[in-house]
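Asks: Residue strings, one per chain:
There are 4 protein chains.
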Amino acid sequence: MTPEFKYRKHKFDEGEPLSPWREKIHEVIFEADTFAGKTFDVALIITIFISVLAVMLDSVQVISVQYGSMLFAAEWAFTILFTIEYILRLISVRKPMLYAKSFYGVVDLLSILPTYLTLIIVDAKYFLVIRILRVLRIFRIFKLANYMGEASMMMNALRNSRAKISVFLYTVLMSVVVFGSLVYVIEGPENGFSSIPKSVYWAIVTLTTVGYGDISPQTPVGQFLASCIMILGYGLIAVPTGIYSAEITREAMKKKDVTNNACPSCAYEGHDKDAEFCKKCGAKL
Amino acid sequence: MTPEFKYRKHKFDEGEPLSPWREKIHEVIFEADTFAGKTFDVALIITIFISVLAVMLDSVQVISVQYGSMLFAAEWAFTILFTIEYILRLISVRKPMLYAKSFYGVVDLLSILPTYLTLIIVDAKYFLVIRILRVLRIFRIFKLANYMGEASMMMNALRNSRAKISVFLYTVLMSVVVFGSLVYVIEGPENGFSSIPKSVYWAIVTLTTVGYGDISPQTPVGQFLASCIMILGYGLIAVPTGIYSAEITREAMKKKDVTNNACPSCAYEGHDKDAEFCKKCGAKL
Amino acid sequence: MTPEFKYRKHKFDEGEPLSPWREKIHEVIFEADTFAGKTFDVALIITIFISVLAVMLDSVQVISVQYGSMLFAAEWAFTILFTIEYILRLISVRKPMLYAKSFYGVVDLLSILPTYLTLIIVDAKYFLVIRILRVLRIFRIFKLANYMGEASMMMNALRNSRAKISVFLYTVLMSVVVFGSLVYVIEGPENGFSSIPKSVYWAIVTLTTVGYGDISPQTPVGQFLASCIMILGYGLIAVPTGIYSAEITREAMKKKDVTNNACPSCAYEGHDKDAEFCKKCGAKL
Amino acid sequence: MTPEFKYRKHKFDEGEPLSPWREKIHEVIFEADTFAGKTFDVALIITIFISVLAVMLDSVQVISVQYGSMLFAAEWAFTILFTIEYILRLISVRKPMLYAKSFYGVVDLLSILPTYLTLIIVDAKYFLVIRILRVLRIFRIFKLANYMGEASMMMNALRNSRAKISVFLYTVLMSVVVFGSLVYVIEGPENGFSSIPKSVYWAIVTLTTVGYGDISPQTPVGQFLASCIMILGYGLIAVPTGIYSAEITREAMKKKDVTNNACPSCAYEGHDKDAEFCKKCGAKL
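Chains as they are written, first to last, in our numbering: chain L, 3 to 287; chain H, 3 to 287; chain X, 3 to 287; chain F, 3 to 287.
Rather than coming from a laboratory, the hints here were simulated on the basis of the structure.
These numbers were taken from a predicted model, which means no experiment stands behind them.
Please note that a few of the clues may not be correct.
What the hints assert, rightly or not - Derived EDC-like pairs (lysine to aspartate or glutamate); straight-line CA-CA distance at most 20 Å:
| no. | chain 1 | residue 1 | chain 2 | residue 2 |
| --- | --- | --- | --- | --- |
| 1 | L | Lys200 | F | Glu29 |
| 2 | F | Lys200 | X | Asp60 |
| 3 | H | Lys200 | L | Asp60 |
| 4 | X | Lys97 | X | Glu33 |
| 5 | F | Lys145 | F | Glu29 |
| 6 | F | Lys40 | F | Glu25 |
| 7 | X | Lys145 | X | Asp43 |
| 8 | X | Lys145 | X | Glu33 |
| 9 | H | Lys26 | H | Glu87 |
| 10 | L | Lys145 | L | Asp43 |
| 11 | H | Lys40 | H | Glu87 |
| 12 | X | Lys200 | H | Glu87 |
Excised from the complex, chain L in its bound form (with noise of 0.2 Å):
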């Protein structure tokens, strides 16, 4: 779901030093702790965001027949400076391929590729859709925000309750194919049931509790049948709110509490970030 939020600087330490204009390039390209870096990283994804935003207007019917030619144009433009980029943050990085073949530099080359596609492919019309993948590249902005902290914290919880979440997401799985099967036969291809799939798809509309109301059961039993696949769904949310719940908090009390520097005087530990003085022995920490 979301990229790896690692920061992109240590990946880096090793192989031959860049040559000092790469090395300018790669602080502009990659860092956010100068000004020029801040400054092309905030361009960047303004110009990400307008590029987005181009794409889903061109597939808006009436805006694509009266400002088409423009919208072509801006995409071209688009492209080209995406390129440029591409391949300035090629130059810049000690190892080229590492980075192309990273989560964001696969990204990156996806976001100008289907363009030029389209002068070799006729047809290109489902490529072009890719070029939204472009949106993941604003996920850089956390590193703009500092909220890398954050974020990794964020993903630390969610790796750590990846087993229970496992289990829970089976369970889901699980239980919708019972049911869904279940009305499946109960309610039959008469009320809109067509197939064992299709009620599947049922069941999972109703048990996360979306509810197109496209198929609904008619029949006493089917519509029984139906109430306890919601009120399953209603409690059973519960249980990946109470897994990552924990975590988090979890997570929150072992970094603010307490450091781990031993009172040198009785070797007591766990005293607050902020205390000064042993609070078993008053010495001094």
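Given the structure of chain L, go ahead and fit chains H, X and F onto it with the hints provided.
Replies: Frame of chain L, contents of chains H, X and F only:
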């Protein structure tokens, strides 16, 4: 979303002192400690409530036709009342401009302005609805109920988890853009997914488990993808809940984990319950 | 929502003592400690359950036509049974008026009154549905299952977070009024948003993620605003959940972690329940 | 909902010892520690997955018409495979009846029985769907992934909060019965609320925030009541979540708050981290 729950009083500690009668008005209008102040607040809240109800009922065709003139009269009565109140508020504070530019100052002005504007502008339908913002003035009810502490604690927890919630919101927005575009390609205009913005709208309706059902996927692949979005949305709700739960728990514990006893030597407060020595100066507690 | 889960017994400790046979009836009807009391409660709950089912089935056209007379007879049988029970309850308590005016006293009366009223009033359709309130009497099941402690703990947590939940509810109500009015202006009667109250209803349907789809925005601006409400509602659910989670956690911790007994030797408090020696000075507790 | 996650092995510690080759089969089929056991489990899970997919696809008209005979052959192949596996399971345990009557024993039998029944009974459509229960057998995947501990912890938390969840569920059921009946009286059959059971069904659809929209209130009073149910349902979700969060947090903390160090004097484990003396025997830790 919610206006700042700051206690007014402290804002007006500076500036030249008010004359006694303005001091008196200030006490009645801005404070809720005295009997007069409480009575004024209760009366004000009831008046606001009725006036908002009148605006709402006025929009109902049947009622507007029959009781139109009565509602028109009531509206002017309310507007004049609120205007007097507004003027009294301006008079009874030391720095009127500060009040006028504050959140409540603007809301107070917006509650009366639209009615006056109907005298100048003919088609003021849109302006009239602004009067509904009066409803925000009822937030003052919390001052009466002594809920300021609770409200500010909830706001604190929100503020502290701001960064995490931003990351979450951003992930949600990315997801709906990517999924919406995907479904647009898969389902296409013939199934109601007429443009990417509309498909993104559908993805939001699905991910947040609202599920209007005005647009819904018809192809098996589209329904499979929709199922993924639903389960994602169903599970993702755990994230903000976990964040906020942890924050509220932390906020609630902070209050309890710590004693109120000041250090006899350095007067530092906020010692752990099991502390035997002051953690700031090392004196025996 | 839920009636008070107070244990009846204590309410009747005062007043003149009951004669032995009334004491006996009281034991059977009001207590669940003896075998007779338990049997009575189980029988009562089953009877109530069947009688509620009968009322519900009576409203189904097909069943009402075919089994109408049977259901009519059953209803009178239940009513006479419950009347006898009500009289016995009145007899076997020391202060009958106190019982009659209590929550369960009123519910008990409302379960029998409507059937008698049909003898006097001809068109008593609306009165008949009141009989469904019998369902509330089944809450007594918790007395049997010894769930009183759990139930009262949950109520305590609700009561303690009352202030915070009020602030939350108020924010929700403000939001739907403001958003509803906004959408009313944007979409207007031509798209089904015929009045502000109806638009507010739609905003509630959307914010709570119910999403019937009977009214849904048609204009792009309306859909954008709807998206905002959905995401707001999707995130806002974290607030009551966080509040209640923190409260339940606090309530659960209070009970379990720690005894109030001080160490007789060093007076250290906060020992685990199973501690036999002081963990600070090693003295026998 | 979820079957018991007990580790099989311990169940078979008693009874007469198995002969070496049956011991070998037992190891492969029931254990996941050896390479053979792991391989068998992976193969089994894949086979089950494919067979369930086949059952689901068979219900799709288009596929069934074209690939019917192929799916028929596959079904018999799977059935014979699972029959052999079932017999091997029976052979390789010391107490076959105990296995046959266990949860998985019944599911294993239900996965093969329906296909054989089609030889005897002509119209076995309903029996065939029972085969979908094979999906439950995939729960064995958790044995492979070493998720048994996580799963049993989640089940523990559910079990511990059983009483609270019962109270919650009961409150929900009471609410939908009372609200459903109320809306039935207010809206009546002319607006789709044709009977109390159907109105209760609608109340469940609304309270759980599913919101199909197949029935929705039309009168202002009905819409007001519906709004109340929605907001109730929106807020009520906090209750199970809070309960489960607290329970999971407690379960998680239990594990951490305590050290693994045994008392040197009495070998008692489970001391608090800051304990200096054994709380069981008073010895210096």
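Asks: Within a Cα-Cα threshold of 20 Å, do lysine 145 of chain X and aspartate 43 of chain X meet the stated pairing?
Replies: holds, 9 Å
Asks: Just to be careful, I want the Cα atoms of lysine 40 of chain H and glutamate 87 of chain H compared with a cutoff of 20 Å; is the pair within it?
Replies: Holds, because 15 Å separates the two Cα atoms, which is no more than 20 Å.
Asks: Does lysine 200 of chain H pair with aspartate 60 of chain L here, judged by a C-alpha cut-off of 20 Å?
Replies: Status holds; Cα separation ~12 Å.
Asks: Given the proposed pairing of lysine 200 of chain L with glutamate 29 of chain F, does the C-alpha separation stay at or below 20 Å?
Replies: Violated - the C-alpha atoms of glutamate 29 of chain F and lysine 200 of chain L are around 40 Å apart, more than 20 Å.
Asks: Verify the proposed pairing of lysine 200 of chain F with aspartate 60 of chain X, using a straight-line Cα cut of 20 Å.
Replies: Holds, because 12 Å separates the two Cα atoms, which is no more than 20 Å.
Asks: Please work out if lysine 97 of chain X and glutamate 33 of chain X have their alpha carbons no farther apart than 20 Å.
Replies: holds, 17 Å
Asks: Check whether the Cα positions of lysine 40 of chain F and glutamate 25 of chain F lie no farther apart than 20 Å.
Replies: holds, 16 Å
Asks: Run the distance test for lysine 200 of chain X versus glutamate 87 of chain H: straight-line Cα separation, threshold 20 Å.
Replies: violated, 31 Å
Asks: Can you confirm whether the C-alpha distance between lysine 145 of chain F and glutamate 29 of chain F stays at or below 20 Å?
Replies: Given pair lysine 145 of chain F, glutamate 29 of chain F holds - Cα atoms ~14 Å apart, limit 20 Å.
Asks: Check whether the Cα positions of lysine 26 of chain H and glutamate 87 of chain H lie no farther apart than 20 Å.
Replies: holds, 14 Å
Asks: For lysine 145 of chain L and aspartate 43 of chain L, compute the direct alpha-carbon distance and say whether it is at most 20 Å.
Replies: holds, 9 Å
Asks: Given the proposed pairing of lysine 145 of chain X with glutamate 33 of chain X, does the C-alpha separation stay at or below 20 Å?
Replies: It holds: about 9 Å lies between the C-alpha atoms, which stays within 20 Å.
Going through the hint list in order, the structure does not satisfy hints 1 and 12.
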